[in-house]
Amino acid sequence: MQNSEAMALSAALLAVAGELTQRIHDGVVARGFEGVRPAHGFAFARLAPGGATVTDLAVHLGVTKQAASQLVDEIVRKGYAERRPHPGDARARLVVLTERGWACTRAAEDAAAEAVRAWAEVLGEGDVRALLDRLVRIAPHGPVRPAW
Numbered sequence: 001m002q003n004s005e006a007m008a009l010s011a012a013l014l015a016v017a018g019e020l021t022q023r024i025h026d027g028v029v030a031r032g033f034e035g036v037r038p039a040h041g042f043a044f045a046r047l048a049p050g051g052a053t054v055t056d057l058a059v060h061l062g063v064t065k066q067a068a069s070q071l072v073d074e075i076v077r078k079g080y081a082e083r084r085p086h087p088g089d090a091r092a093r094l095v096v097l098t099e100r101g102w103a104c105t106r107a108a109e110d111a112a113a114e115a116v117r118a119w120a121e122v123l124g125e126g127d128v129r130a131l132l133d134r135l136v137r138i139a140p141h142g143p144v145r146p147a148w
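Going left to right, the sequence shown walks through residues 1 to 148 as the UniProt record's numbering numbers them.
Keep in mind the hints are simulated off the structure, nothing from the lab. Note that the coordinates shown come from a computational prediction; the quantities given were computed from them, not determined experimentally. Glycine is no exception: its CB is placed at the ideal position from the N, C-alpha and C atoms. You can take every hint at face value.
Across the chosen pairs, the derived CB separations fall in these ranges:
id	residue 1	residue 2	range
1	Arg31	Ser4	38 to 48 Å
2	Arg93	Arg31	27 to 37 Å
3	Asn3	Arg106	40 to 50 Å
4	Pro38	Val59	15 to 25 Å
5	Ser4	Arg93	48 to 58 Å
6	Met1	Gly50	33 to 43 Å
7	Ala139	Ala48	12 to 22 Å
8	Asp56	Ala6	29 to 39 Å
9	Val96	Gly32	13 to 23 Å
10	Gly126	Ala12	16 to 26 Å
Take the sequences, apply the hints, and build the full model.
Right under this line is the structure:
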């Protein structure tokens, strides 16, 4: 593959990722979840399985503990998460999604499904499944981080 082709592929992937992030965000807002930013969704993805400490969230997002703490303060204030005592560490606090946070997460999943259905209208369902298969083979393992 020539450098120009590699750059075109890189640009296309970045454009698709950016558009997907925006479509998910727009879908969440259209479903009534005001005051959220795409970065919140990346945080919700880490909190969803069973909560996380601020330190865990900072590692997941690739930010400082202070930045993660500010983000947690914001989503707690907006009612999307709450702090609870950590069941395994009396010194730590566990940040968990509230029902509002779970509802927002479900809205994001619905918006993502709508975006992918639009791809299937252009490419066909088989090609979208093949795209998933190929991207999974080259995608790095670990958290999906926002582009700050």
